[in-house]
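Student: Each chain, letter by letter, is given below.
Protein chains: 2
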Amino acid sequence: MTQMLEAMRGNITEAMKTVAADEKLDPEYIRKMVAKGYIAIPDNNQRETVAVGIGENLRTKVNATIGTSTDINDLDMELEKAKIAEEAGADTLMELSIGGDLDNIRRTVLKNTKKPVGSVPIYQTAVEAIEKDGSAINMDPDDMLKNIEKQAKDGIDFMAIHCSVNRETLKRLKRQGRNGGLVSRGGSFISSWMVHNDCENPLYENYDQVLDIVEEYDVCLSMANAMRAGALTDSTDRAQIQELIVLGELVDRARERGVQTIVEGPGHIPINEIETNINIQKKMCKNAPFYMLGPIVTDIAPAYDHIVSAIGAAQCARYGANFICYVTPAEHLALPGPEDVREGVIATRIGAHAGDLAIDLERFGEDDIAMAHARKSLNWTEQYEHAMWPADAKAIRDKRPPEADDTCTMCGNYCAIKIVNQWLDKADKDAFDN
Amino acid sequence: MTQMLEAMRGNITEAMKTVAADEKLDPEYIRKMVAKGYIAIPDNNQRETVAVGIGENLRTKVNATIGTSTDINDLDMELEKAKIAEEAGADTLMELSIGGDLDNIRRTVLKNTKKPVGSVPIYQTAVEAIEKDGSAINMDPDDMLKNIEKQAKDGIDFMAIHCSVNRETLKRLKRQGRNGGLVSRGGSFISSWMVHNDCENPLYENYDQVLDIVEEYDVCLSMANAMRAGALTDSTDRAQIQELIVLGELVDRARERGVQTIVEGPGHIPINEIETNINIQKKMCKNAPFYMLGPIVTDIAPAYDHIVSAIGAAQCARYGANFICYVTPAEHLALPGPEDVREGVIATRIGAHAGDLAIDLERFGEDDIAMAHARKSLNWTEQYEHAMWPADAKAIRDKRPPEADDTCTMCGNYCAIKIVNQWLDKADKDAFDN
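Protein sequences appear in the order of chains B and F.
For the first sequence, this note's numbering begins at 602 and goes up steadily by one.
For the second sequence, this note's numbering begins at 602 and goes up steadily by one.
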């Protein structure tokens, strides 16, 4: 039985208890939210994971995507990337390989982590069709379902499935006109197939069969957002909102089956549109957890898109997005290497945390508050303890050691805190009253 | 005559013309805004600079702070930092040295740049008092004015002067209670002097004399914000707002003399309070340009405070702050080195630009829109041309060269844009209508 069906029947599962403990919330609250579909716990029944909750009122989670490409295919590097992502603070992984022995890569990654792992099964179907027949237009609809089932059996916890790239959304995209066009990889495979075969998207037509499979293995559906803009100038357009309407209907149908869902969102979008995007997603999809990709808030900073995306991530978390896919410095330029993965996770974690603090500083900011005290008392040991990446902080200070142990080289002997502690703080409370 | 007095008399100066051309705005608009004090052009009459406008309706500007400390004092490194900051896109510099031959460092930096340069003259007075008599409590009030005059003569374009650390604001700070206390270096010098001497702040008492000096050299006053919070948990408190009220009065008095002002703001502050801070500053200070320091939007990411601050900078720019002081990865840990300076400028420029795009994508986003077309047409030369840091982007792609020239190693041969260009875009506009 799926987590959601258990929740609907009033049962609090081990996974729900883990999430409740992790978030310092009541297990019954988690159960209620899972039953409604406001919280998802991606947790395939074929594989053991440490449960992670994604949704309303929870800490905003961060996903790190790994995977080979046709140009760079090195399993050891992917395992290293997975490890580095976890160490840096990723909550989940997505394994999106498109080069090499896809089954082996996926299974090896799954064996090496206790984190929930996501995938995009259409990639495998497209890659196999390209290798066999030269193009994704030759994909066999049966293979789409077979790969979903194979990956579900392997233990994938959440799957991005492109059901909403249908004739209706593509019609709206065609009428819309765009500068950047469609940029979703899964969307490009499906749409080329639809154009060539002049047929409806098989994943949309056969959505009930998709649900049969993911229900059996309790895979959480990550409703893929193929119409997301690939440029700020295309953001929040009719094609995207049309797809969101379809996604909302698909969420309803999944919930009827007790299948958990999260819904993917943009993309490239200026910061002033982020709140609107989250509000409309929450309405169209009846509070399904929202999974933002990036977002990218300016298009002209390639090499620094992790910083670009941290800005977007903060806005997302603040306005109620629940899950954020990281972006690395290699975005738009190359397949990320291990160091890119680390920088990407760090930047997105900072953004997610900054947004969470804006929601509730006391609840999410225990370390921030402790840091204030550690800084005020010039206690460097405690400052490192409460830092998100203590070793990195220590390395910077240690590289340029200060003359006085309790300061740093920024102000040296003229440390403002030291001077204030010595003078202003020692003055009487009413020293300035007259 | 100051820029502001010229503007009040209806004269459009060369500096105003430069700013107008730079911003693609009407020179008469710039003049009007300078006359009102809504735009400042820091441009000391003793030194030639390329004028930079800061204020309403202009591109958000970024300041990079350089300067020695007592622990690390290397003039060549400071010159290198200044050069790197300019190359990375800083609009102004602040020279805040507190170690070594301060006059020589300042004069050498001023000689080596055409950018507007700011300073905090109280640092020199405090450093000299500490060197001579062991503590900033021994500062001579006359020296405070003398150093302002000396630095004005040297050609400093804008000065952060701590006039608002007065008995009234310190009274409110004492009553407020805080976790992080007062963290402004200038504020720590002045407040310790006030406690020890049991007197009002000489810079507040002698504000008219300060105005005499800065008017003579047309130095723009950067009204220092000593009560800014040093921890998120202290943000936007009564001490800070009390100081803002005092700052507003000081802005009025400066404007009466035709002295340009900008007003400094926080600091450590959660993202949800940024809009409020800007709105209240604009009201209290009658639309004086707002200069945000950072802001830092979480306290627990030392080593990555440049990313933390980019998140804050984006919010600032979006809600109408006009000028942002960068933060480097070394913040809270060490004196920044050249590489830190570069990373700091880049992160803050990204934040400022993302905020500007949220105000007006068409006006500030010409390169963003061009990038959309360059990406869609897989034109890498143009992609680099429109990137903020082309060499960095090119280096990432070139390090992992793709098999196909028109793609990158992220997707390799399965480039979504390529597939969409080949199939979906070639389908008729009405292909999905039935």
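Take these hints with a grain of salt, some might be off.
[Stated by the list, open to error] Over the 12 Å line for every Cβ pair with chain B, so calculated as not near, a few chain F residues: (1) Leu-626; (2) Gln-647; (3) Asp-744; (4) Lys-747; (5) Ile-791; (6) Tyr-808; (7) Gln-810; (8) Asp-813; (9) Arg-856; (10) Ile-881; (11) Glu-944; (12) Glu-1004; (13) Lys-1027; (14) Asn-1035.
[Claimed, not checked] Distance condition first, Cα-Cα at most 20 Å in a straight line; then the derived SDA-like pairs of lysine to any residue: (15) Lys-1019(B) x Trp-1024(F); (16) Lys-1019(F) x Gln-1023(B); (17) Lys-775(F) x Gln-1023(B); (18) Lys-775(B) x Trp-1024(F).
Think of the hints as simulated: they come from the structure by calculation, not from any bench.
All C-beta atoms in this analysis are idealised placements derived from N, C-alpha and C, irrespective of residue type, glycine included.
Student: Taking the shortest Cβ-to-Cβ distance between Lys-747(F) and chain B, state whether it exceeds 12 Å.
Tutor: Correct as stated: the minimum Cβ-Cβ distance to chain B is 20 Å, above 12 Å.
Student: Between Lys-775(B) and Trp-1024(F), is the straight-line Cα distance small enough, at 20 Å or below?
Tutor: holds, 13 Å
Student: The output says Asn-1035(F) does not contact chain B. Does that hold with a beta carbon cutoff of 12 Å?
Tutor: violated, 8 Å
Student: Beyond 12 Å on every Cβ pair: is that true for Leu-626(F) relative to chain B?
Tutor: holds, 22 Å
Student: Quick one: work out the minimum CB distance from Arg-856(F) to chain B and report holds if it exceeds 12 Å, violated otherwise.
Tutor: holds, 28 Å
Student: Asp-744(F) clear of chain B by more than 12 Å, beta carbon to beta carbon?
Tutor: holds, 16 Å
Student: Could you check that no beta carbon of chain B comes within 12 Å of the beta carbon of Glu-944(F)?
Tutor: violated, 9 Å
Student: Against chain B, does Ile-791(F) hold up as non-interface, every C-beta pair farther apart than 12 Å?
Tutor: Check fails; 10 Å does not lie beyond 12 Å.
Student: Hint check: Lys-1019(F) vs Gln-1023(B), CA-CA at most 20 Å. Holds or violated?
Tutor: At roughly 65 Å apart (the allowed maximum being 20 Å), Gln-1023(B) and Lys-1019(F) break the hint.
Student: Do the alpha carbons of Lys-1019(B) and Trp-1024(F) lie within 20 Å of each other, as the hint requires?
Tutor: violated, 66 Å
Student: Within a Cα-Cα threshold of 20 Å, do Lys-775(F) and Gln-1023(B) meet the stated pairing?
Tutor: holds, 15 Å
Student: Confirm or reject: Gln-647(F) is not an interface residue toward chain B, with every Cβ-Cβ distance exceeding 12 Å.
Tutor: Since the minimum Cβ distance to chain B is about 28 Å, Gln-647(F) lies beyond 12 Å and the statement holds.
In summary, the numbered hints that this structure violates are 5, 11, 12, 13, 14, 15, 16.
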